[in-house]
Amino acid sequence: MDAFRIFIVEDDVFYGEMLRHHLALNPDNEVHLYKTGEECLKNLYRSPAMVSLDYSLPDMSGLDVMRQIKKEHPEIPVIIVSGQEDISTAVTLLREGAYDYFVKDDDVKDRLWNVLKKIRENVQLRSEISYLKEEIGRKYEFRNVIKGNSPSIKQIFGLIEKSIKTNISVSITGETGTGKELVAKAIHYNSKRAKKPFVAINVSAVPRDLIESEMFGHEKGAFTGAITRKIGKFEQASGGTIFLDEIAEMDLNMQAKLLRVIQERELTRVGGNELIKIDARLIVATNRNLADEVQKGNFREDLYYRLLGLPIELPPLRYRGNDIILLAKYFVDEFCKENKMKKLSITESAQQKLMGYHFPGNVRELRAIIELAAVLTDLDQIDESHISFNSADAAGNLLMEESSLEEYTRKIIRYYLQKYNNNVLLVAKKLEIGKSTIYRMIKEKQI
Amino acid sequence: MPESDKNHYCLDKLIGFVGNDPDAIKNMVNLFLSTTPDLLQSINSGFHEGKAENLAKAAHTLKPTLDVFGVEDTYDLIRSIEQKAKRSELDAELGKHIEQLNTTMELVFQELKLAYLET
Ligand SMILES: Nc1ncnc2c1ncn2[C@@H]1O[C@H](COP(=O)(O)OP(=O)(O)OP(=O)(O)O)[C@@H](O)[C@H]1O
Ligand SMILES: [Mg+2]
Chain E
1 MDAFRIFIVE DDVFYGEMLR HHLALNPDNE VHLYKTGEEC LKNLYRSPAM
51 VSLDYSLPDM SGLDVMRQIK KEHPEIPVII VSGQEDISTA VTLLREGAYD
101 YFVKDDDVKD RLWNVLKKIR ENVQLRSEIS YLKEEIGRKY EFRNVIKGNS
151 PSIKQIFGLI EKSIKTNISV SITGETGTGK ELVAKAIHYN SKRAKKPFVA
201 INVSAVPRDL IESEMFGHEK GAFTGAITRK IGKFEQASGG TIFLDEIAEM
251 DLNMQAKLLR VIQERELTRV GGNELIKIDA RLIVATNRNL ADEVQKGNFR
301 EDLYYRLLGL PIELPPLRYR GNDIILLAKY FVDEFCKENK MKKLSITESA
351 QQKLMGYHFP GNVRELRAII ELAAVLTDLD QIDESHISFN SADAAGNLLM
401 EESSLEEYTR KIIRYYLQKY NNNVLLVAKK LEIGKSTIYR MIKEKQI
Chain C
1 MPESDKNHYC LDKLIGFVGN DPDAIKNMVN LFLSTTPDLL QSINSGFHEG
51 KAENLAKAAH TLKPTLDVFG VEDTYDLIRS IEQKAKRSEL DAELGKHIEQ
101 LNTTMELVFQ ELKLAYLET
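Chains as they are written, first to last, in our numbering: chain E, 1 to 447; chain C, 1 to 119.
Please note that a few of the clues may not be correct.
[To be verified] DSS-like cross-link-like pairs, simulated, lysine-lysine; straight-line CA separation at most 27 Å:
{"id": "1", "chain 1": "E", "residue 1": "K35", "chain 2": "C", "residue 2": "K26"}
{"id": "2", "chain 1": "E", "residue 1": "K35", "chain 2": "C", "residue 2": "K51"}
{"id": "3", "chain 1": "C", "residue 1": "K57", "chain 2": "E", "residue 2": "K109"}
{"id": "4", "chain 1": "C", "residue 1": "K86", "chain 2": "C", "residue 2": "K51"}
{"id": "5", "chain 1": "C", "residue 1": "K96", "chain 2": "C", "residue 2": "K51"}
{"id": "6", "chain 1": "E", "residue 1": "K154", "chain 2": "E", "residue 2": "K35"}
Keep in mind the hints are simulated off the structure, nothing from the lab.
With these hints in hand, go ahead and build the complete structure from the sequences.
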């Protein structure tokens with residue numbers, strides 16, 4: 001491998017020199033030290049494999065230097081080393097594309113070493129042949145669950161990776177079906193809290209007067225119907241993660257209570273007075289624009305800032321380009337596997353039809369469309385005639401084929417047999433028909 | 001070992017960074033001896049001339065260096081100096097902190113010179 005060229009941009013002579021010595025310990029590294037942002041930018045033509053950037057430089061801010069670098073060379077990883085622990089700066093920098101952010105503190109050495117190792121691995125991998133490229137993705141669990149390859153989803157992967165390393169609150173926004181819950185789980189199950197519970201509560205699904213007891217629990221006799229003590233979701237999530245879904249639907253009164261609990265890190269069960277410490281990482285999600293809700297007076301501003309943490313905005317599926325096809329293929333494969341069907345392919349024209357659609361229901365809708373198509377086709381492929389963009393139409397399509405009732409019956413039975421692994425008894429029960437009917441059809445090769 | 005024989009710095013962290021290489025260590029010690037007195041000077045003059053911002057900046061820069069050289073009892077000290085300067089609290093307490101820093105640094109400079117320059 002060629003020399004691994006590293007730029008250090010650091011105006012503190014001592015610290016800069018120390019980093020230089022440190023990184024030069026590895027003979028593969030070629031280290032350049034610059035004292036100003038301008039010097040660094042002037043030398044970018046040397047295409048460094050990575051830049052370590054001090055946040056406060058004499059001539060310009062680290063953020064400005066990074067923006068310049070990213071503008072011309074978006075592929076160069078930029079690491080910000082700062083003297084200050086400041087979470088909002090860190091968030092800004094990470095969102096703007098910093099590879100990592102750390103404070104000149106105890107563990108800079110190890111973190112720098114680790115980051116370098118990771119970047120090196122990536123550089124190496126990037127230069128390998130294409131099938132190996134997939135391995136980069138396979139390295140991370142969550143990338144196996146959240147499918148996508150588009151730049152916009154890769155940016156999300158970057159944010160997920162950041163959020164995994166710390167306990168920072170995460171707020172996930174995005175239209176319905178974009179994968180908010182999936183992301184919340186991915187964060188939890190890849191974080192240090194993975195072995196502790198992930199507890200979800202859908203604010204809009206719980207009746208208003210029960211939400212407090214649902215979240216914080218209640219004591220026996222707290223209200224009519226409270227016949228035993230109940231442990232709330234926050235307590236259940238102890239050591240793990242609490243996921244507040246549809247947070248925008250919470251009423252103002254409850255918002256005030258939630259704010260207090262988050263601030264004090266303590267709660268009292270409804271009807272109780274014992275203070276209970278909580279240790280749950282908070283992830284919230286909504287398909288509304290929370291900032292707008294604040295404007296309209298529907299959401300408390302102070303709570304909004306408390307919850308914002310690391311904001312992750314999931315892009316609508318229609319902006320994810322080829323991910324539509326990637327996801328479609330994935331859902332087909334999954335569906336066929338689950339139902340023990342043989343593999344189905346998706347024809348070019350069906351793919352084009354998918355690419356032209358705007359998917360108001362996003363990934364969830366795509367999945368439904370694909371699963372229906374897999375049921376509708378009798379061939380070993382899905383073509384455009386199997387793709388229909390709303391479920392009412394789909395039923396219509398089935399009828400449009402103008403078959404006889406008998407033919408419909410056969411189709412439905414065939415589908416159920418596939419779905420239930422040729423378990424005739426089960427299918428007979430599901431469809432409320434006699435098992436002998438099915439056996440007869442099989443015998444007469446009608447199915 | 002009597003207290004006074006013990007050095008007021010500890011190079012473990014520095015060695016962790018640059019490796020156990022006598023030349024590199026000597027190089028860094030020299031750099032330390034040539035850059036930190038100026039920073040200390042800025043801290044002192046910042047305090048006496050009421051230039052809180054300069055003071056805060058110098059303290060900010062000195063902070064990681066002290067960490068790396070393991071200068072005894074300065075971990076909280078330098079942080080509180082920086083914080084107070086940032087809040088422009090140039091009061092007697094800050095004066096005392098700076099005095100304490102001066103004393104420790106003076107010892108460290110002497111010890112380092114003894115160990116690394118006059119051999
Ligand atoms: N990138 C993805 N890769 C694979 N599956 C995905 C992806 N995104 C979403 N899904 C799947 O799509 C469905 C919808 O996702 P999810 O429930 O997380 O959406 P949501 O944003 O929470 O929607 P809502 O706002 O309606 O609650 C789920 O079955 C999920 O597994
Ligand atoms: Mg959801």
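Here's how the hints hold up against the structure:
1. K35(E) <-> K26(C): 22 Å, holds
2. K35(E) <-> K51(C): 24 Å, holds
3. K57(C) <-> K109(E): Holds, because 23 Å separates the two Cα atoms, which is no more than 27 Å.
4. K86(C) <-> K51(C): Between K86(C) and K51(C) the Cα gap is close to 10 Å, so the pair holds against 27 Å.
5. K96(C) <-> K51(C): OK: K96(C) and K51(C) at ~17 Å, within 27 Å.
6. K154(E) <-> K35(E): This hinted pair is violated, its Cα atoms lying about 32 Å apart.
In this structure, only the earlier hint numbered 6 is contradicted, and the remaining ones agree with it.
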